[in-house]
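Visitor: So the protein sequences, as listed, match chains P and F.
Taking this note's numbering, I'd label the letters of the first sequence as residues 3 to 159.
Taking this note's numbering, I'd label the letters of the second sequence as residues 29 to 322.
It is worth saying that the hints were derived from the structure and are not from the lab.
For glycine and all other residues, C-beta sits at the position ideal for the given N, C-alpha and C.
Worth double-checking, as some hints may not be accurate.
[As the list claims (entries may be wrong)] In silico contact screen, one side only, chain P against chain F (beta carbon under 10 Å); selected entries:
| hint | residue |
| --- | --- |
| 1 | Val-15 |
| 2 | Val-18 |
| 3 | Ser-21 |
| 4 | Pro-22 |
| 5 | Leu-25 |
| 6 | Ile-64 |
| 7 | Thr-69 |
| 8 | Ala-82 |
| 9 | Pro-84 |
| 10 | Leu-117 |
| 11 | Asn-121 |
| 12 | Lys-130 |
| 13 | Ile-137 |
| 14 | Thr-141 |
[Stated by the list, open to error] Keeping only pairs whose Cα atoms sit at most 20 Å apart, straight-line, the calculated SDA-like set for lysine to any residue is:
| hint | chain 1 | residue 1 | chain 2 | residue 2 |
| --- | --- | --- | --- | --- |
| 15 | P | Lys-58 | F | Tyr-36 |
| 16 | F | Lys-312 | F | Gln-242 |
| 17 | P | Lys-58 | P | Lys-4 |
| 18 | F | Lys-32 | P | Lys-58 |
| 19 | P | Lys-4 | F | Tyr-36 |
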Amino acid sequence: MKHLIELEINGRVYDVAVSPRDLLADVLRKKLGLTGTKKGCGAGDCGACTVLVDDKPILSCITLAITCNGKKITTVEGLALPNGELNPLQADFVNKGAIQCGFCTPGMIMSAAGLLKRNAKPSMYDIKHEMSGNICRCTGFKRIIMAIEAAAETGVK
Amino acid sequence: MYPKPFGYYAPQTPVEAYELVGRLGGKAKILAGGTDLVILMKDKIISPENVIDITNIEEFQGIKYEPGKGMEIGATTKNAEVQFSEVVKQKYPALAYAAGEIGSSQVRHMGTIGGNSCNASPSAETPTPLVAYGASVVVSSATGEREMPVEEFIQGVRQIDLKEGEILTRIKLPEPSPKLAAKYAYMGARDANEIDSVNMAVALELKDDKKTVQSVKLVMGSVFIKPLISKAVPALLTGQEFSDDLVEQAAAAAQNEAKPISDVRASAEYRREIVGVLARRLLKEAFAAAQEVK
């Protein structure tokens with residue numbers, strides 16, 4: 003049986019018909035066309051599917067979409083500034099060379115966005131500890147950390 | 029991979045939840061954080077007919093502390109909330125630390141402290157310090173409540189003392205003695221997003237001379253079917269002046285008590301070795317911390 007749920011995604015309210023077993027990552031990608039969110043391991047290990055639910059980083063590939071009814075979701079598509087430019091965190095990822103193949107990038111950026119919302123001035127330990135759920139198979143971690151440090155310095159929310 | 033179809037219920041109040049859990053009984057699984065349940069359902073290791081999502085029930089959430097009386101943590105409180113809570117960090121630092129070492133940031137923002145015990149994995153992080161602090165769980169149903177120590181609630185691998193119609197609703201921690209120092213440590217294949225091959229918590233109190241052990245509790249995780257409380261370590265240390273020699277004896281005693289198995293994460297031999305390493309480290313750390321207590 004389908005259930006009608008309401009999701010506020012990137013500031014826009016969507017009414018979506020879902021089956022209880024539908025995963026949030028699939029609803030975002032297939033039903034709503036928000037393909038910025040990636041599906042990697044499917045088991046909660048790689049972090050590619052990270053989105054913010056009520057400003058907290060969660061794994062959308064092991065989250066049942068129906069459990070997000072009425073909640074506020076932010077995906078990587080929701081970060082850009084109103085004028086279409088990259089927000090400072092995204093820009094720092096570009097400027098610091100923190101992107102190689104790019105597959106992990108949306109998850110990395112959403113985890114970093116969640117971290118900076120909770121802790122605007124994270125220490126190096128905080129960054130490494132709270133980003134450890136995101137894996138970059140190009141192994142570009144050093145520059146990812148540099149990008150987050152730079153974003154924290156300029157005060158990104 | 030997708031779970032098989034199932035019926036979904038999201039009760040908003042405890043009464044609704046007890047009614048549903050009572051009515052659906054063994055045909056339903058309770059969803060708290062889902063970091064274990066949804067993965068098991070995706071892999072079709074389990075395929076419940078119904079899922080009861082208890083995360084919307086406010087009464088099952090949050091951290092309450094009353095000076096002198098202790099703390100109550102709602103079962104669906106996220107592990108990240110326990111990790112970052114100032115009062116947990118202050119009163120039960122070993123628990124806050126253990127909660128912060130579960131999986132990854134995302135897993136901690138999804139998974140709950142109640143789920144970590146209900147999942148009853150021997151390698152779970154939070155049951156070990158909970159047992160060290162003498163915590164108990166409260167299971168509730170339409171007909172009432174039962175309270176029992178965490179080490180009795182967890183009965184074995186994926187086995188808990190939860191009868192049909194019952195929900196784990198909160199975890200209670202007694203007020204820690206002002207002299208108590210507790211420490212937690214773990215060993216895994218890497219530092220993050222791993223599953224512990226061994227974890228351990230030590231809670232220690234010194235007498236006023238700051239040398240003699242008044243009480244000590246050492247709890248081991250992932251070396252038995254459930255959290256294992258050492259009997260030999262308190263027998264060796266209580267009433268004795270703390271010394272490196274005693275620590276060596278205590279570590280050896282803990283190694284003898286551990287009943288590890290070999291699996292994909294570590295061999296029994298390695299686990300037993302690590303029990304000694306962690307016991308030595310934690311006893312010394314707890315002793316040093318207990319000496320600092322004013």
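Visitor: Could you run down the list of hints and mark each one as holding or not?
Guide: Outcome of the hint check:
Annotation: interface hint on Val-15 (chain P) violated; nearest CB of chain F at approximately 19 Å, more than 10 Å. For Val-18 (chain P), the interface hint is violated, since its Cβ never comes within 10 Å of a Cβ in chain F; the closest pair sits about 14 Å apart. A distance limit of 10 Å between C-beta atoms decides the matter here; for Ser-21 (chain P) the minimum to chain F is near 7 Å, and the interface restraint holds. Taking 10 Å as the C-beta cut-off, the interface hint given for Pro-22 (chain P) holds, the closest approach to chain F being about 4 Å.
The restraint placing Leu-25 (chain P) at the interface with chain F holds, with a minimum CB-CB distance near 7 Å, inside the 10 Å limit. The beta carbon of Ile-64 (chain P) comes within 5 Å of a beta carbon in chain F, closer than 10 Å, and the hint placing it at the interface holds. Taken as an interface hint, Thr-69 (chain P) checks out: its beta carbon lies about 6 Å from the nearest beta carbon of chain F, inside 10 Å. The beta carbon of Ala-82 (chain P) comes no nearer than 22 Å to any beta carbon in chain F, farther than 10 Å, and the hint placing it at the interface is violated.
For Pro-84 (chain P), the interface hint is violated, the least distance from its beta-carbon to any beta-carbon of chain F being 27 Å, above 10 Å. Hint on Leu-117 (chain P) holds. Least Cβ distance to chain F is approximately 7 Å, under the 10 Å limit. The interface hint given for Asn-121 (chain P) holds, since its Cβ lies 9 Å from the closest Cβ of chain F, which is under the 10 Å cut-off. The restraint placing Lys-130 (chain P) at the interface with chain F holds, with a minimum CB-CB distance near 8 Å, inside the 10 Å limit.
Because the closest C-beta pair between Ile-137 (chain P) and chain F is about 8 Å apart, less than 10 Å, the hint holds. Among the interface hints, the one on Thr-141 (chain P) is violated; its C-beta lies about 14 Å from the nearest C-beta in chain F, farther than the 10 Å criterion. Between Lys-58 (chain P) and Tyr-36 (chain F), the direct Cα distance comes to roughly 24 Å. Violation of the 20 Å bound is thereby established for this hinted pair. This hinted pair checks out: Lys-312 (chain F) and Gln-242 (chain F) have alpha carbons roughly 15 Å apart, not beyond 20 Å.
Between Lys-58 (chain P) and Lys-4 (chain P) the CA atoms are separated by roughly 27 Å; this puts the pair beyond 20 Å, and the hint is violated. Using a Cα cut-off of 20 Å, the hinted pair Lys-32 (chain F) and Lys-58 (chain P) is violated, with the two alpha carbons roughly 28 Å apart. Only pairs whose Cα atoms come within 20 Å are accepted, and Lys-4 (chain P) paired with Tyr-36 (chain F) is accepted, the gap being roughly 10 Å.
Going down the numbered hints, you'll see the structure goes against 1, 2, 8, 9, 14, 15, 17 and 18, while the others check out.
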